[in-house]
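2 protein chains.
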Amino acid sequence: MAVYTDVSEGELETFLRDYPAGKLLSYKGIAEGSENSNFLLHTSEGSFILTLYEKRVDTADLPFFLGLMHHLAGKGISCPLPVERSDGELCGTLAGRPAALITFLEGMWMRRPSVAHCREVGKALAALHLAGSDFSLSRPNALAIDGWHKLWAASRDRADEVEKGLSEEVDADFAAIDANWPKELPCGVIHADLFPDNVFFLGDKLSGLIDFYFACNDFYAYDVATCLNAWCFEKDFSFNLTKGRALLSGYQSVRPLSDGEKVAMPLLARGSALRFMLTRLYDWLTIPDGALVQKRDPLEYVRRLRFHRAVTSPSEYGLE
Amino acid sequence: MAVYTDVSEGELETFLRDYPAGKLLSYKGIAEGSENSNFLLHTSEGSFILTLYEKRVDTADLPFFLGLMHHLAGKGISCPLPVERSDGELCGTLAGRPAALITFLEGMWMRRPSVAHCREVGKALAALHLAGSDFSLSRPNALAIDGWHKLWAASRDRADEVEKGLSEEVDADFAAIDANWPKELPCGVIHADLFPDNVFFLGDKLSGLIDFYFACNDFYAYDVATCLNAWCFEKDFSFNLTKGRALLSGYQSVRPLSDGEKVAMPLLARGSALRFMLTRLYDWLTIPDGALVQKRDPLEYVRRLRFHRAVTSPSEYGLE
Chain X
874 MAVYTDVSEG ELETFLRDYP AGKLLSYKGI AEGSENSNFL LHTSEGSFIL
924 TLYEKRVDTA DLPFFLGLMH HLAGKGISCP LPVERSDGEL CGTLAGRPAA
974 LITFLEGMWM RRPSVAHCRE VGKALAALHL AGSDFSLSRP NALAIDGWHK
1024 LWAASRDRAD EVEKGLSEEV DADFAAIDAN WPKELPCGVI HADLFPDNVF
1074 FLGDKLSGLI DFYFACNDFY AYDVATCLNA WCFEKDFSFN LTKGRALLSG
1124 YQSVRPLSDG EKVAMPLLAR GSALRFMLTR LYDWLTIPDG ALVQKRDPLE
1174 YVRRLRFHRA VTSPSEYGLE
Chain F
874 MAVYTDVSEG ELETFLRDYP AGKLLSYKGI AEGSENSNFL LHTSEGSFIL
924 TLYEKRVDTA DLPFFLGLMH HLAGKGISCP LPVERSDGEL CGTLAGRPAA
974 LITFLEGMWM RRPSVAHCRE VGKALAALHL AGSDFSLSRP NALAIDGWHK
1024 LWAASRDRAD EVEKGLSEEV DADFAAIDAN WPKELPCGVI HADLFPDNVF
1074 FLGDKLSGLI DFYFACNDFY AYDVATCLNA WCFEKDFSFN LTKGRALLSG
1124 YQSVRPLSDG EKVAMPLLAR GSALRFMLTR LYDWLTIPDG ALVQKRDPLE
1174 YVRRLRFHRA VTSPSEYGLE
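Protein sequence lines, in the order shown, are assigned to chains X and F. Residues in the first sequence are numbered from 874 upward in steps of one, following this note's numbering. Residues in the second sequence are numbered from 874 upward in steps of one, following this note's numbering.
Hint data in this document are derived by calculation from the structure and do not stem from the laboratory. Do not rely on the hints blindly, as some may be mistaken.
Since the list gives no way to pick out one identical chain from another, each pair is judged satisfied if it fits inside one copy or across any two copies.
What the hints assert, rightly or not - Each computed BS3-like pair below joins lysine-lysine, with the alpha-carbon atoms no more than 25 Å apart:
| no. | residue 1 | residue 2 |
| --- | --- | --- |
| 1 | K1168 | K928 |
| 2 | K996 | K1078 |
| 3 | K1056 | K1037 |
| 4 | K896 | K1078 |
| 5 | K948 | K1037 |
| 6 | K1023 | K1078 |
| 7 | K1135 | K1056 |
| 8 | K1037 | K1023 |
| 9 | K1078 | K1108 |
| 10 | K1023 | K928 |
| 11 | K1056 | K1078 |
| 12 | K996 | K1108 |
If you're wondering where the values come from, they're calculated on a predicted model, not measured in any experiment.
Chain X on its own, in the form it takes in the complex (with noise of 0.2 Å):
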């Protein structure tokens, strides 16, 4: 949630000259994405969000993560669109740094989603997946069950800092984990990093899906798995049944889900949970207090885990 790179306005129009995007009228760096320097700007042709991309994103996966959004819009779903140079490539450079010019989506993240909200996110996301079935380049998931392990022979050793008795608590999740992961789902381009912020309304309709620099290849149902995850727990950690069904039932009117990815899904949770509660500890444990990125609370996912452990029938995610 920074700009950790700044414009200057003469290299800013310098670098515009290879878009067809008018004249310059304004250029504000704004707090959203943790990764990235991000920048709204108005033009004589509209509105854009240009990107720069920092140490922390792999120069190698811009042409996946650009072409894919390319590919998606296309396609009808409704994300940004990387705007093409006039040497027909996607990504420029700027400030030193790869940069591309993405098309502006109105639209407001909710802070508080409702029910009617999580129906529009399972639909958008089965949308998504269909989407991307036929786009041409694969990207492994860096944070698979291997990274996973990583990031947890990092972070063991002092996770009883953040609560004591963590250590023994997740190596239980990694043992059960390792033993009953599924092998055989449906698998494809999945988002990977679905969250409310990700996720544009205009009222109850959704606006748009941003965000695509955790997208890879990987189990469709894990994807599910992470919406439920992200969307369908309260405040205090509560699984909202009727949110969860819908998200689900939402999904399902567009990509039904197949009895192996049902079977899967409280495993597939739980995994999420710990995928999202070790990148967190990680942080929390290595980042220095007065970095720029903004550190979460892994105990949230640490809730999460706990929910999905007790878990013993699909049916309790609001599965049919």
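Got chain X sorted already, so can you dock chain F onto it with the hints?
Below, chain F alone, put in the same frame as chain X:
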């Protein structure tokens, strides 16, 4: 440079019902303004800035700040216009804080101002002084000499941590300023913080002045001196006489300086440099490293102080 307070779409929509601002389409926290939380809004009526006033702003001063912008805009100064609520007020409440909706000004602030920009800012400053002369409210300058003494009393003992010898060096500035500060110069509403990031341009044309939250009543020539400090020094702390001449002649083309103001300029410039050195020094010594507030190097103003101490004639600033 941060958003201190987040706002939900529901409370924002409720807040906007009191304004003729149309339908909310999007809002983004922007990384500008060091004291308050600012959002850039798009509505069906256009673009607006929403400012939430945080603790560092005294709410008793808001009628002065907002009324001044309203007054200046009415006189044709390009500055943000606080939008009137349906009850006629310029200030409402949002997320428990005083909040104002103000018009959005297109334009970019110049990271590297040119001579032409300095001339324009001089003209705009003089126009602001003339336009503010019949504003009905007044506000004492909290950062006048008495305020400097308070900051110095709180920082002097640790000043040598920043540079050895600094406390003695600055004591001498205080002695000179206390003995010789002018008592009778033309007075009125001044901006008091007209740095490059508070002035927007479209090309070489000045498109707006923003951030009136240090505005107060003081010597007009002191405001000019602050602009010399803010606009006419290069990154290596050399004074660019061509820029000084452009800024001063731009100013005088709208409001000629009196002989008394010209003679006082070296001491006013020294006092202004001292003022910015002191707030930076105080923040440097007191704000913890982890805070969101950006800390800036006080030595940049020690360098300016040294320049002003050596000035023997107003002509060294480009005054004729």
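Identical-chain pair category, K1135 with K1056, by Cα at 25 Å: Intra 14 Å, inter 81 Å, cutoff 25 Å: intra-copy only.
K1056 and K1078: within-copy, between-copy, both or neither at 25 Å Cα: neither (36 Å within a copy, 63 Å between copies)
Homomeric proximity label, K1023 with K928: Cα distance no greater than 25 Å: within (20 Å within a copy, 43 Å between copies)
Status of K1037 relative to K948 across identical chains (alpha carbons, at most 25 Å): Cα proximity of K948 and K1037: none, with 49 Å in one copy and 65 Å across.
Within, between, both or neither: K1078, K1108 at alpha-carbon 25 Å: within (23 Å within a copy, 50 Å between copies)
Intra- versus inter-copy proximity for K928 and K1168 (alpha-carbon distance at most 25 Å): both (18 Å within a copy, 23 Å between copies)
Alpha-carbon proximity between K1037 and K1023, which holds within one copy, between copies, both or neither at 25 Å: This pair counts as within: shortest intra-copy Cα distance 21 Å, inter-copy 47 Å.
K1056 and K1037: within-copy, between-copy, both or neither at 25 Å Cα: neither (33 Å within a copy, 66 Å between copies)
Intra- versus inter-subunit Cα pairing at 25 Å for K996 with K1078: within (11 Å within a copy, 49 Å between copies)
Homomeric proximity label, K996 with K1108: Cα distance no greater than 25 Å: within (24 Å within a copy, 54 Å between copies)
Intra- versus inter-copy proximity for K1078 and K1023 (alpha-carbon distance at most 25 Å): neither (40 Å within a copy, 55 Å between copies)
Within, between, both or neither: K896, K1078 at alpha-carbon 25 Å: Between copies only: 15 Å across chains, 32 Å inside a chain, cut-off 25 Å.
In summary, the numbered hints that this structure violates are 3, 5, 6, 11.
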